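Protein chains in written order, with our numbering: chain W, 1 to 102; chain P, 1 to 178; chain S, 1 to 636.
These are calculated hints, taken from the structure and not from any lab test. There may be inaccurate statements among the hints.
Stretches of chain W that chain P covers, calculated by requiring three or more beta carbons in the stretch to come under 8 Å of a beta carbon on chain P [stated by the list, open to error]:
#, region
1, 24-34
2, 43-55
3, 81-88
Values in this document were obtained by computation on a predicted structure and should not be read as measured data. Glycine residues also receive a C-beta, built at the ideal position from the N, C-alpha and C atoms.
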Amino acid sequence: MNSLTTYLFIAAALFVIGVFGLLQRRSLIGMLIAIELMLNGASVNFMAFNRFLAPDPIIGQVYTLFIMGFAAAETAIALSIIIAVFRRIHSINIEQARDLRG
Amino acid sequence: MTPLQDFFDPGILAQAAFAVVLTVTFAGAMIAVLPRNILYNVLGLILCLTGVGGIFLYLGSPFIALMELLIYVGAICISIVFAIMLSYPLHLSLPKRKRPKVAGAFGVALLVFGVLISIIFRTPWQPAAVRSTDWSVNTLGAYLLTRYDLVFEAMSIVLLVAILGAILISGTSGRRSS
Amino acid sequence: MNLAWTQDPNLLAAALSALTPFAAFALIMLFARPHARLSAGISIAAVGVSLAGAVFLLVRNWSMPVPIQITGRWLVSGDISIPFGFLLDPLSLLMLTIVATISFLVQVYSLGYMAGDPGFSRYYGFQSLFAWAMLSMSISPTMIQLYIFWELVGLASYFLIGFWYEKFSASEAGKKAFVMTRLGDIAFFLGLLVVLIHFGNLNILDLNGPQATERLSPVLLTVSALLIFGGVMGKSAQFPLLTWLPDAMEGPTPVSALLHSATMVAAGVYMFARIFPFFSHSANAMTVCLSIGTITMLLSSTMAMVTRDIKQVWAYSTISQLGFMVMGLAAGGYAAGVFHLTTHAGFKALLFLCSGVFIHHYETNDMFVIGRHGGRGLLIPMVCMSLAAAALSGLPPFSGFFSKEAIMGVLAGQHNPIWLAAGLLGAFLTAYYSFRLIFIILRPHPTEKVHRGTHAGHGNGHHAAGLYWVMAWPLIVLAAVTLVLGFFQDPLEFFLTGLHVVSGSHGAGHHAWLPIAAVGLALAGTGLAWLEFGRRGAAQVGFVERFPVLRALFANRWYLDHVYRRFLDYVIYGTFSNLFTRNDRRVIDGAIDGMCRATIGSGRLLSFVQSGMLQYNLMVMFAALALVALGFYFLE
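Build the full structure now, drawing on both the sequences and the hints.
And the structure:
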């Protein structure tokens, strides 16, 4: 149970659930939530490699911290973009943002 | 009197605990993507990230687990909740989901999953020859400030720029009419 | 610069003759447009130089042993070599002199006729253009060069016919002339191509030589001769391309005198004479030409009998006489035909110029109106016109008598008597319609001569005396020529034929009764005209006019124009233009529109990809990523 493939599996599953959510949710905040899931899947993947394969276990942790920091920054910007888009289309339904429709 | 531990195999306990963590994670993930009510989704995310913190514990880094709870759950999810409260009129009903879109999303997700799994199971993972065993936080801190200093500094700048950008995009109060 | 060419007097004279009018044309059109008198001066000076050069050449080379050909290398391709240059032989020198003389006289006359016209400079520019083209055409050594200048002459004719272009009928007439002669020129060019392909070159001297029969089969000779005769039909207004010439009378009268009587329309006959030996190899072609000439002559004589317009009478007469010339040439009478060309140029120009004085004075073309208003009061034009009409009818001792007799002699030598009969009938009709006009002007209808007194005074005060004399003395010169030219028949014939052995020239034998018959018929025609128009108390109604059907037939030019109109409307516009328009609109434009529509349509078809929906794009991105990863990982 405690092997690399298990954790990689978990990470892949989290990532894929995030992808599903990203592609299918209509509200922008819902997509943001799905993106967080994807990022966490990636973090778990890195930590798994760190635990089982890496020569120096510090590296994986540093990288995971990196990802977390970026996720925070990205959330801030994404939320401000959502507010800006909301002001324009008066909805957080992404299907309403169709100006690029050809 | 027999202690409680005699009735349970220590291995089973460990496995059960792991199973609980996994359940929490995946249940949270499901709640995060499937229901239509967005507050449910956020709460699901919180649950999932708590579970992921547990997984990090299993992967040998309590520091990262606690950071996960602190940053993700404590900061990010709370800010998402605030965003929801400030923007989304909950009383308005949501339009129905489109079947083809859901099916397409499911298909693509399945495809990606299949690819990832096949890569995972086909690659001969080789651990590194020499592995260090130093997992302490002290070492992590020391590395952050010396060897991986760039990560630290880059993070600072990114966060600063993100905050400034967020303020600029959303505008200070009274600058734009909404 | 190599000036050796100026040392040769022949070359110098020929070059000056041909090219000075071009310099005049360029000067006038580029610089002298605003200055009317300067343009006239330049043009007359240039054509005067040409006249001097022509006379010099004629006199100097009166007895030349061989034709002088001066050429430079021009078009060379493989075995074919077409040079450009000058050919000086009796026929070309004669034509050069005729053209230069008449151009000079007409340009001087135009000083008076066109005075005050706003397009005065333009007129003289085009006159110079015409002079250049016609003179160069006369001395061309190859058929190609002749063709080029032939076309230029047609161009000048177009400009001059449509000179008063604001008048719709004038511009229409110019267009009609150009298009109809173009039809003939197509055949001409095809004939030239046939000759070029099979003969190898287009030098006139070579074509007239013995090699023609060696290199071309009889069929080819006939075919090319007939095709080339197409050009003659167009330019010299033979049947059926004859209706442009009466319409060309829309141009100023001096233009009619120069182009459409003496020189341009004679170009066709000149070309026929130019390659007369070539033509005479094919008896069938000659017979066809003979018949066409006959039909033309008779047809247009009938048309002249019913018209009221002075210039139209002479136009139809020109067509008729050209037909007569073609008859003469086609029957084998080289010298006879060329002699008639010469005399005809003289008296026809004179007839037109006299008519021009009447038209200018009374401002109408209608001969009845001119007669009513006392046209016979203008002495010099009246006398000259009567003289010229007598020459035209073939009355002795005028030049026309000699030249018509020559052609009658040739016709008499033909086996079939029908040609001679046609010629004699033509002589009768010619005399009739010429003197009809003379008598109408001479003796106006009694009840109508009311305004004579006042109009004579009005008329004479209309011009300055100087202008009148400017118009009058060319008439006197031409009348003098008409009087004496007939007596030069023998020297001219020797000049023309002393060098060539031309088949079937007038050695057919003189029939003593022939001149008597011809003159008798001419006098009969004159007498009939006098009976009907000239004597006191005449009804002034022609015998043809008593039959309305005939009158309508002749007045409508035997409905040729109607046939052409119908042909154009139904065949050309109705089918071909229609087809081509539809092809252009539906097929060509349709193809391009279709391509556009296909592009737009396919764009629209594919535009659903640009749904603007972010998540669909993301779906495609993820799927693509997954597949690429699959590919990379498993296709190592």
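Name the hints, by number, that the structure is in violation of.
No numbers; nothing is violated.
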